[in-house]
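Participant: The chain contents come next:
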Amino acid sequence: MTPVWMMRQAGRYLPEYRATRKQAGDFMSLCQSPELACEVTLQPLRRYAFDAAILFSDILTIPDAMGQGLYFAEGEGPRFRKVIRTEKDVEALPELNIAKDLGYVTDAVSVIRRELNGSVPLIGFSGSPWTLATYMIEGSGSKDFRNAKAFMFNQPQAMHLLLDKLATAVTDYLNAQIEAGAQAVQIFDTWGGVLTTPAYRDFSLAYMKKIVAGLIREREGRKVPVILFTKNGGLWLEDIADSGCDSVGLDWTIDIGTARQRIGSKVSLQGNMDPTILYASPESIRAEVARILESYGTGNGHVFNLGHGITPDVDPANVAVFVESVHELSQKYHAG
Amino acid sequence: MWRSSLSLCTSYRRNTMPADIDNWVQDSSAPICIIGIGSNLPTDSTTPQENVERAIEALHSLSDEALCISSLWQSAPIDCPPDSPHFVNAVVALLAREQSAYRVLEQLQAIENHFGRRRCGVVNEPRVLDLDLLSFAQVQQDDPVLTLPHPRAHQRRFVLEPLAEIAGNHVLPGFDKNIDRLLRELDLDDSVQKIESHY
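Top to bottom, those sequences are chains L and P. Residues 1 to 336 in this note's numbering are what the first sequence lists, from first letter to last. Residues 1001 to 1199 in this note's numbering are what the second sequence lists, from first letter to last.
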């Protein structure tokens, strides 16, 4: 069978998640309580036969720990109270002590790992330096990233300094998650795909490469796989696969069979169903799962996933159709 | 010597003399594992005592050799939610087939999960089956996933009483006192009671 998990599988589409979040008060309190973060991490596993647990947290915990003041305005995306606009702002960013500043995340990893009791592996994650930098400069999400890109073009040295600081923090952060019990880690580069080819290489991929080179790669006598995911990264698959990662996450815009031909001999692939298909009928979901499995073809090296996180108002029944379809329809590709 | 201790192990299962793991010769490359077993919840068809007995049967799959098995003991719950039922406990020593403590931990977790251990996030909740790796060869480590020897083993009568039956002279890695002495010096005011069992 092809293993399956889902980005943001612990999330708002589940009524039990919404209840726990209400109990916590707000999103950051939920992230910062190891017991509640553990509870929501386990919730999707009680409903569906996912083959891994994914740490419940947010990609923006690092900038928050650096003092940027993360908050979530009701009904809007993440926002920061402080933004980065000058080289001085970058220089003033503190070096993180993960155990002290982000201990709530590593504590959650330990609690979840204990509660999973070996039933499925636990995946940790972090945002990529470039993606974190965009939020720190814009102060929120953005349509065109005008501030982040202007900062990059006008003050490339300051941008490199920022990305370098973030790469160090992400490396320490992921290593702390691995030491606490995470059995694989994923780096989310949500916004690398908005860059030009040279800018992607120099301002996003270069720093992810640096992180990969600094990660603990073996723990508990087993390899700790590293997954790189750049949304809209289909143009640069070969470069991504050359980064030293073990697995590449794909969004839905690329055909997974083509991706396999290009980099399948080097890395495993994770993906890549359009999350929006979960709004369609069970028959359509099943057909799309079948199409992706057929495109990948026979053999191992494929983890079924969505091409991005599941959206909040999907019907949980459709997620059951998705997971069951993957397990059922993938069997013939693993025969013998 | 190895063979003779084997026969002791086997005979002990008929409720005669306890075998002692210090009789195990150390030229075997198999690491000595000490495993604590506990249950305080029945399943649909088995009592806690039967859960422990079945777990002992299942532990045979971890070793090519005979096991050293303590008596079963009953203990009052410690640090557990109010009204938690009594525990049935035992300790088993075995020569592990696996050379890695993490692999043994995975094997124990697989047995627990097979018994339908339900995790609901409550610390020290009542449980169908709890298997603790108390020590693994001479390994000493402090790791969020697996701390060896088990950090609380030496403070618990429900561990030390059964362990003393099969390993009274044994010294856990990092300790300077044997199990008999740890048991004598235990000042925790808890009580455990031996249970009649076919083990």
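Because the hints were derived from the structure by calculation, they are not lab data. The beta carbon of each residue, even a glycine, is placed where N, CA and C say it ideally should be. Don't take every hint at face value.
Not the full set, but computed from the structure, chain P residues with beta-carbon under 8 Å of chain L [said to hold, decoys possible]:
| # | residue |
| --- | --- |
| 1 | Ser-1100 |
| 2 | Tyr-1102 |
| 3 | Glu-1106 |
| 4 | Gln-1109 |
| 5 | His-1114 |
| 6 | Gly-1116 |
Participant: Indicate, hint by hint, whether the structure satisfies it.
Facilitator: Hint by hint, here is what the structure shows:
1. Interface hint status for Ser-1100 of chain P: upheld, as the beta-carbon distance to the closest one in chain L is roughly 5 Å, under 8 Å.
2. Interface hint status for Tyr-1102 of chain P: upheld, as the beta-carbon distance to the closest one in chain L is roughly 4 Å, under 8 Å.
3. For Glu-1106 of chain P, the interface hint holds, the least distance from its beta-carbon to any beta-carbon of chain L being 5 Å, beneath 8 Å.
4. Hint on Gln-1109 of chain P holds. Least Cβ distance to chain L is approximately 3 Å, under the 8 Å limit.
5. A distance limit of 8 Å between C-beta atoms decides the matter here; for His-1114 of chain P the minimum to chain L is near 11 Å, and the interface restraint is violated.
6. Interface hint status for Gly-1116 of chain P: violated, as the beta-carbon distance to the closest one in chain L is roughly 12 Å, over 8 Å.
Checked against the numbered hints listed earlier, the structure breaks hints 5 and 6; every other hint is satisfied.
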